[in-house]
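Protein sequence lines, in the order shown, are assigned to chains A and B.
With our numbering applied, the first sequence covers 1 to 112.
With our numbering applied, the second sequence covers 1001 to 1118.
Source of the hints: derived by calculation from the structure; they are not laboratory data.
Predicted model only: the values in this text are computed from it and were never measured.
Pairwise CB distance ranges (calculated):
(1) T1030/B / Q2/A: 13 to 23 Å
(2) S42/A / L1118/B: 17 to 27 Å
(3) K99/A / Q1051/B: 11 to 21 Å
(4) G1040/B / S28/A: 26 to 36 Å
Cut-off 20 Å, straight-line C-alpha distance, at most; resulting in silico cross-link-like pairs (SDA-like, lysine to any residue):
(5) K99/A / L1045/B
(6) K99/A / R1070/B
(7) K99/A / Q1051/B
(8) K99/A / E1106/B
(9) K99/A / S1053/B
(10) K99/A / T1056/B
(11) K99/A / Q1041/B
(12) K99/A / T1048/B
(13) K99/A / D1098/B
(14) K1007/B / Q44/A
(15) K99/A / Y1057/B
(16) K99/A / F1108/B
Cβ coordinates follow ideal geometry from the N, Cα and C atoms, glycine included.
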Amino acid sequence: AQTVTQSQPEMSVQEAETVTLSCTYDTSESDYYLFWYKQPPSRQMILVIRQEAYKQQNATENRFSVNFQKAAKSFSLKISDSQLGDAAMYFCAYFGNEKLTFGTGTRLTIIP
Amino acid sequence: SAVISQKPSRDICQRGTSLTIQCQVDSQVTMMFWYRQQPGQSLTLIATANQGSEATYESGFVIDKFPISRPNLTFSTLTVSNMSPEDSSIYLCSVAWDRGYSSYNEQFFGPGTRLTVL
Chain A
1 AQTVTQSQPE MSVQEAETVT LSCTYDTSES DYYLFWYKQP PSRQMILVIR
51 QEAYKQQNAT ENRFSVNFQK AAKSFSLKIS DSQLGDAAMY FCAYFGNEKL
101 TFGTGTRLTI IP
Chain B
1001 SAVISQKPSR DICQRGTSLT IQCQVDSQVT MMFWYRQQPG QSLTLIATAN
1051 QGSEATYESG FVIDKFPISR PNLTFSTLTV SNMSPEDSSI YLCSVAWDRG
1101 YSSYNEQFFG PGTRLTVL
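Taking the hints into account, I'd like the entire structure generated from these sequences.
In structure tokens form, the structure reads like this:
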């Protein structure tokens, strides 16, 4: 079974600074997808960014970018120019075998 | 993406009763999923709701406890039966479309239902 590990239960960053959230996963598959979801206090799960395993180029979405290291099975999320609205739980997720598996989450606090 | 709504948004229930949670999407979707998020925890897949056939349950979840219906391509319900305090969680539905290769990989979530069982 696939596992997703987020080793940072909590992180904090000064507003306007950059923060990186870590994620590692374990799989024997070669084709899969990786995601970062954001869950603010409203509970709504919001898709932040997606990476296809067959693509070497790291995905970017505005202030959000990933560092995808397939050999190391690492998938970190970098948030640049952090804003107060970025405060949330961030979940790393792996999609393979038609199933989405989530990590335990990292709570990100933005310090004004 | 799609607009996904869930009813109720929250509820407080008594032990031994049942609650049915509805998930409505504003467009037809191929797949619908139900997840549980226990307090302070991550999301765990309960089952995949298939239109016109039985739901597919994950290990640890059974139909008698979590019956699911999927009468059409825009609607699904999850019932939490014979509830106990351990069932207190957020229940989320998600939807996905068949995109061919590696289908259903991108899921969009509803706002969740916060259930408290006393």
